[in-house]
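Undergrad: Quick mapping for you: the protein sequence lines, in order, are chains A and B.
Taking numbering that gives the first Met the number 0, the leading residue of the first sequence gets 0, the next gets one more, and so forth.
Taking numbering that gives the first Met the number 0, the leading residue of the second sequence gets 0, the next gets one more, and so forth.
Simulated from the structure, these hints should not be mistaken for lab results.
Wrong hints could be hidden among the right ones.
[What the hints assert, rightly or not] Derived SDA-like pairs (lysine to any residue); straight-line CA-CA distance at most 25 Å: (1) A/444 x B/121; (2) A/85 x B/84; (3) A/84 x B/173; (4) B/116 x A/146; (5) A/170 x A/192; (6) B/168 x A/142; (7) B/172 x A/146; (8) B/67 x A/130; (9) B/168 x A/372; (10) B/172 x A/84; (11) B/111 x A/400; (12) B/95 x A/399; (13) A/170 x B/142; (14) A/85 x B/108; (15) A/84 x B/77; (16) B/73 x A/158; (17) B/111 x A/61; (18) B/76 x A/169; (19) B/173 x A/442; (20) A/85 x B/143; (21) A/176 x A/154; (22) B/111 x A/377; (23) B/67 x A/171; (24) B/111 x A/70; (25) B/111 x A/138; (26) B/172 x A/142; (27) B/67 x A/399; (28) B/76 x A/130; (29) B/111 x A/383; (30) B/121 x A/146; (31) B/76 x A/400; (32) A/84 x B/131; (33) B/176 x B/41; (34) B/73 x A/377; (35) A/84 x B/144; (36) A/84 x B/113; (37) B/172 x A/372; (38) B/172 x B/108; (39) B/73 x A/372; (40) B/116 x A/105.
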Amino acid sequence: MADANRKRWWLAAGVVMLALTGYFSARLLGDDRRLFLPNATSHGHYQIELACDACHTPFSGVKQEACNQCHGEELAAVNDTHPRKKFDDPRNADRLTVLDARYCVTCHVEHQPERTRAMGVTQPDDFCFHCHADVATERPSHRNLAFDSCASAGCHNFHDNTALYEDFLAKHLHEPKLLAKPRVATRDLRPWIKAVSTKAYSHALTRAEADAPAPVVAKHLEEWAGTAHARSGVNCRECHSPVQPNGMRASWQDKPGATVCASCHEREQQGFQSGRHGMRLAQKLSPMRPELARQPMKADAHGRELSCTSCHGAHAFNTHRAAVDACLECHDDTHSRAYLDSAHARLWRAEIEGHGAAGSGVSCATCHLPRETLRDGDLKGVRVQHNQNANLRPNEKMIRAVCMSCHGLGFSIDALADPSLIARNFSGTPARHIESLDLAAARLKLPRKPKP
Amino acid sequence: MRTIKTVTRSVLPLMIVASITACSSGKPQAGLSPQQLTDSLHLVLETDRTVYTKLIVNRLQNEEKVIKASEHWKEDKALVLPAQMFRAGAEMAREKGATFSYSLLSTWPINKQNAPKTDAEKTGLDYIAANKGKNYYTEETLGGKKYFTAVYADIAVAPACVTCHNGHKDTPKKDFKIGDVMGGVVIRYPLGS
Numbered sequence: 000m001a002d003a004n005r006k007r008w009w010l011a012a013g014v015v016m017l018a019l020t021g022y023f024s025a026r027l028l029g030d031d032r033r034l035f036l037p038n039a040t041s042h043g044h045y046q047i048e049l050a051c052d053a054c055h056t057p058f059s060g061v062k063q064e065a066c067n068q069c070h071g072e073e074l075a076a077v078n079d080t081h082p083r084k085k086f087d088d089p090r091n092a093d094r095l096t097v098l099d100a101r102y103c104v105t106c107h108v109e110h111q112p113e114r115t116r117a118m119g120v121t122q123p124d125d126f127c128f129h130c131h132a133d134v135a136t137e138r139p140s141h142r143n144l145a146f147d148s149c150a151s152a153g154c155h156n157f158h159d160n161t162a163l164y165e166d167f168l169a170k171h172l173h174e175p176k177l178l179a180k181p182r183v184a185t186r187d188l189r190p191w192i193k194a195v196s197t198k199a200y201s202h203a204l205t206r207a208e209a210d211a212p213a214p215v216v217a218k219h220l221e222e223w224a225g226t227a228h229a230r231s232g233v234n235c236r237e238c239h240s241p242v243q244p245n246g247m248r249a250s251w252q253d254k255p256g257a258t259v260c261a262s263c264h265e266r267e268q269q270g271f272q273s274g275r276h277g278m279r280l281a282q283k284l285s286p287m288r289p290e291l292a293r294q295p296m297k298a299d300a301h302g303r304e305l306s307c308t309s310c311h312g313a314h315a316f317n318t319h320r321a322a323v324d325a326c327l328e329c330h331d332d333t334h335s336r337a338y339l340d341s342a343h344a345r346l347w348r349a350e351i352e353g354h355g356a357a358g359s360g361v362s363c364a365t366c367h368l369p370r371e372t373l374r375d376g377d378l379k380g381v382r383v384q385h386n387q388n389a390n391l392r393p394n395e396k397m398i399r400a401v402c403m404s405c406h407g408l409g410f411s412i413d414a415l416a417d418p419s420l421i422a423r424n425f426s427g428t429p430a431r432h433i434e435s436l437d438l439a440a441a442r443l444k445l446p447r448k449p450k451p
Numbered sequence: 000m001r002t003i004k005t006v007t008r009s010v011l012p013l014m015i016v017a018s019i020t021a022c023s024s025g026k027p028q029a030g031l032s033p034q035q036l037t038d039s040l041h042l043v044l045e046t047d048r049t050v051y052t053k054l055i056v057n058r059l060q061n062e063e064k065v066i067k068a069s070e071h072w073k074e075d076k077a078l079v080l081p082a083q084m085f086r087a088g089a090e091m092a093r094e095k096g097a098t099f100s101y102s103l104l105s106t107w108p109i110n111k112q113n114a115p116k117t118d119a120e121k122t123g124l125d126y127i128a129a130n131k132g133k134n135y136y137t138e139e140t141l142g143g144k145k146y147f148t149a150v151y152a153d154i155a156v157a158p159a160c161v162t163c164h165n166g167h168k169d170t171p172k173k174d175f176k177i178g179d180v181m182g183g184v185v186i187r188y189p190l191g192s
């Protein structure tokens, strides 16, 4: 009797174990892995938190390579102030016992919402102090500064100091609030497109030359005829029935996918998939939708899926719409809502209405999807960075690439340090003053003009 | 216990140098002592450093005056400073998995991160400054690992060295002359497994 009971107990336990194993395996291998999330994920990664293997290597934790995969290139581009290579010399072994700066996860631990602060940092704010406690011996002006204020006072960042280092400050000491010729660079994709297709730009196409099979939707034809695509010789079939690697044209697709766009706009797609608009696609997850965002979004935008065409439209590819209207169709935060009444918006309207000079308008995209002068071998031109988060956190990343196209360095630093001014979309003047330029001038014994 | 040996700088057979430089992992060939290894490495490093300083920087900046060398070389579209060239090589070697490491330090550093930090570095830099033509060798333990550490004098070989250092806003010493010891090259090789 006892044996029979024991047998039944073991059988029941086995069935339960099997059922649990099956359940957990199904959840792990399925799309919905929320069960395994240890805690809330930071603002930078929450969109891809169900793509566990984007960061985790089974049984090996989070490898540095996983961080580098997404963030390595941008850190190298800004000449990271604290790269791994500065720390792996044995002479820094003592420092590593305090703060092992060779690994991103030393300061950016995920799934720790209670101690995650701005920039996804999970170290206490005094992390600079561990290595730079003696800063006042070289910089007496720093003697009375709070030991946890280095990276929070608008003066220094851990990674990107491209607009904040002393010689740069000294070089831009006397700039006015508004530069004499405030302009952003003009987009110029030609060098790259010509490298993709020798036929590009050889012949501007007319409506009569459109090669779509009948019946052609009149609206689509009209929209296409006004685009850079038509002007540069990109006909209907280039997107709807593109040439495949075997030289044959693919069968006609009414709604071509993003890979078609990327065949000419690869860099733009890379940027898009690196930022919050497209990072889910990079991890083979469903497209981002406004209701998934942690930022305030308009209720009537819920359900929309982000792709190239969600901002650019499918045939018109209207860059004016993509630069402002498309953003404001979804974004509903204070800064976005204040845009239309801002001086930047007035300049933008003047430019697109033909009153303002080319490059004088300031759209959402001017700052958040900035124009970058790029070199790629012999190719050189101005392209749009489609990772709208690349220069956002910390916002000092925006100073050189964006603000200084039109504004002086001192004003730019002050403006970005004033959260209330940012909320008003820069209507008004900075209420904060960051002392960086004053300190640099004093140390280098350079004259400092009064703040304009 | 630390052992300090002083030797006059000597040139090792090119064969040894070739065998070391061809070994990307930095592991010494059988029979090569840590000192022979660091001496060989230093010979190559010092030679390349001198060539870059004299044939590139000093010639083009100081003599021909066709291009400047700048700390912010990328931004200024200028030549990389010799010290930056040296450091970039050290960093790249470590990135490639070299077991040895090397750095350029000075008692009078422009960048204060390049001041001597460990006891071996402090003693070594003092030694090479006081004993011209001699190197300093010792063993030290860093982060629980034992290293053979060698310190070699870094000499001002061209006008570019002294004019730049003497005129830099962050220099603690403004009277360097050609032939002066400006700092030291520290090479470390891990001992034991």
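Undergrad: Does each hint hold? Answer for all of them.
TA: Do the hints match the structure? See the list:
For a cut-off of 25 Å, the pair hint linking residue 444 of chain A to residue 121 of chain B is broken: about 32 Å separates their Cα positions. With a CA separation close to 14 Å, the supplied pair residue 85 of chain A and residue 84 of chain B stays within the 25 Å bound. Using a Cα cut-off of 25 Å, the hinted pair residue 84 of chain A and residue 173 of chain B is violated, with the two alpha carbons roughly 30 Å apart. Between residue 116 of chain B and residue 146 of chain A the CA atoms are separated by roughly 22 Å; this keeps the pair inside 25 Å, and the hint holds.
For the given pair, residue 170 of chain A sits about 36 Å from residue 192 of chain A by alpha-carbon distance, which is inconsistent with the 25 Å threshold. Between residue 168 of chain B and residue 142 of chain A the CA atoms are separated by roughly 20 Å; this keeps the pair inside 25 Å, and the hint holds. A C-alpha spacing of about 29 Å is found between residue 172 of chain B and residue 146 of chain A, which places the hinted pair above 25 Å, so the restraint is violated. Of the supplied pair hints, the one linking residue 67 of chain B and residue 130 of chain A is violated, its CA atoms being roughly 33 Å apart against a limit of 25 Å.
Restraint check for residue 168 of chain B and residue 372 of chain A: the C-alpha separation of about 32 Å exceeds 25 Å, so the hint is violated. For the given pair, residue 172 of chain B sits about 28 Å from residue 84 of chain A by alpha-carbon distance, which is inconsistent with the 25 Å threshold. In summary, the hint linking residue 111 of chain B to residue 400 of chain A is not supported, as the alpha carbons are separated by about 30 Å, beyond the 25 Å threshold. At most 25 Å may separate the alpha-carbon atoms for a hinted pair to count; residue 95 of chain B and residue 399 of chain A exceed this at roughly 32 Å.
Annotation: proposed proximity of residue 170 of chain A to residue 142 of chain B is violated, straight-line Cα distance about 41 Å (limit 25 Å). The hinted pair formed by residue 85 of chain A and residue 108 of chain B meets the criterion: a straight-line CA distance of about 17 Å does not exceed 25 Å. The hinted pair formed by residue 84 of chain A and residue 77 of chain B meets the criterion: a straight-line CA distance of about 23 Å does not exceed 25 Å. A threshold of 25 Å between alpha carbons decides the hint, and for residue 73 of chain B with residue 158 of chain A the separation of about 17 Å falls inside it, so the pair holds.
With a C-alpha separation of about 34 Å, the suggested pairing of residue 111 of chain B with residue 61 of chain A is violated against the 25 Å cut-off. With a C-alpha separation of about 18 Å, the suggested pair residue 76 of chain B and residue 169 of chain A falls inside the 25 Å cut-off, and the hint holds. Note on residue 173 of chain B and residue 442 of chain A: the hinted pairing holds, with a Cα-Cα distance of about 18 Å set against a maximum of 25 Å. With a C-alpha separation of about 19 Å, the suggested pair residue 85 of chain A and residue 143 of chain B falls inside the 25 Å cut-off, and the hint holds.
Proposed proximity of residue 176 of chain A and residue 154 of chain A is supported: the alpha carbons are some 19 Å apart, at most 25 Å. Pair hint residue 111 of chain B plus residue 377 of chain A does not hold up; C-alpha atoms about 39 Å apart against a cutoff of 25 Å. Only pairs whose Cα atoms come within 25 Å are accepted, and residue 67 of chain B paired with residue 171 of chain A is accepted, the gap being roughly 20 Å. Between residue 111 of chain B and residue 70 of chain A the alpha-carbon distance is near 29 Å, which puts this suggested pair outside the 25 Å criterion.
A C-alpha spacing of about 11 Å is found between residue 111 of chain B and residue 138 of chain A, which places the hinted pair at or below 25 Å, so the restraint holds. Taking the CA atoms of residue 172 of chain B and residue 142 of chain A, the gap is near 23 Å; set against the 25 Å cutoff, the hint holds. The hinted pair formed by residue 67 of chain B and residue 399 of chain A meets the criterion: a straight-line CA distance of about 24 Å does not exceed 25 Å. A hinted pair counts as satisfied when its Cα atoms are at most 25 Å apart, and residue 76 of chain B with residue 130 of chain A does not qualify at roughly 31 Å.
Simply put, residue 111 of chain B and residue 383 of chain A have alpha-carbon atoms about 39 Å apart, too far for the 25 Å limit, and the pair is violated. Annotation: proposed proximity of residue 121 of chain B to residue 146 of chain A is violated, straight-line Cα distance about 28 Å (limit 25 Å). Our distance criterion of 25 Å between C-alpha atoms is met by residue 76 of chain B and residue 400 of chain A, whose separation comes to about 18 Å. Our distance criterion of 25 Å between C-alpha atoms is broken by residue 84 of chain A and residue 131 of chain B, whose separation comes to about 32 Å.
Restraint check for residue 176 of chain B and residue 41 of chain B: satisfied, since their Cα atoms lie roughly 23 Å apart, inside the 25 Å limit. Taking the CA atoms of residue 73 of chain B and residue 377 of chain A, the gap is near 17 Å; set against the 25 Å cutoff, the hint holds. Simply put, residue 84 of chain A and residue 144 of chain B have alpha-carbon atoms about 19 Å apart, close enough for the 25 Å limit, and the pair holds. Of the supplied pair hints, the one linking residue 84 of chain A and residue 113 of chain B holds, its CA atoms being roughly 15 Å apart against a limit of 25 Å.
Pair hint residue 172 of chain B plus residue 372 of chain A does not hold up; C-alpha atoms about 40 Å apart against a cutoff of 25 Å. Pair hint residue 172 of chain B plus residue 108 of chain B holds up; C-alpha atoms about 9 Å apart against a cutoff of 25 Å. The suggested pairing of residue 73 of chain B with residue 372 of chain A holds, with an alpha-carbon distance near 15 Å, which does not exceed 25 Å. In summary, the hint linking residue 116 of chain B to residue 105 of chain A is supported, as the alpha carbons are separated by about 24 Å, within the 25 Å threshold.
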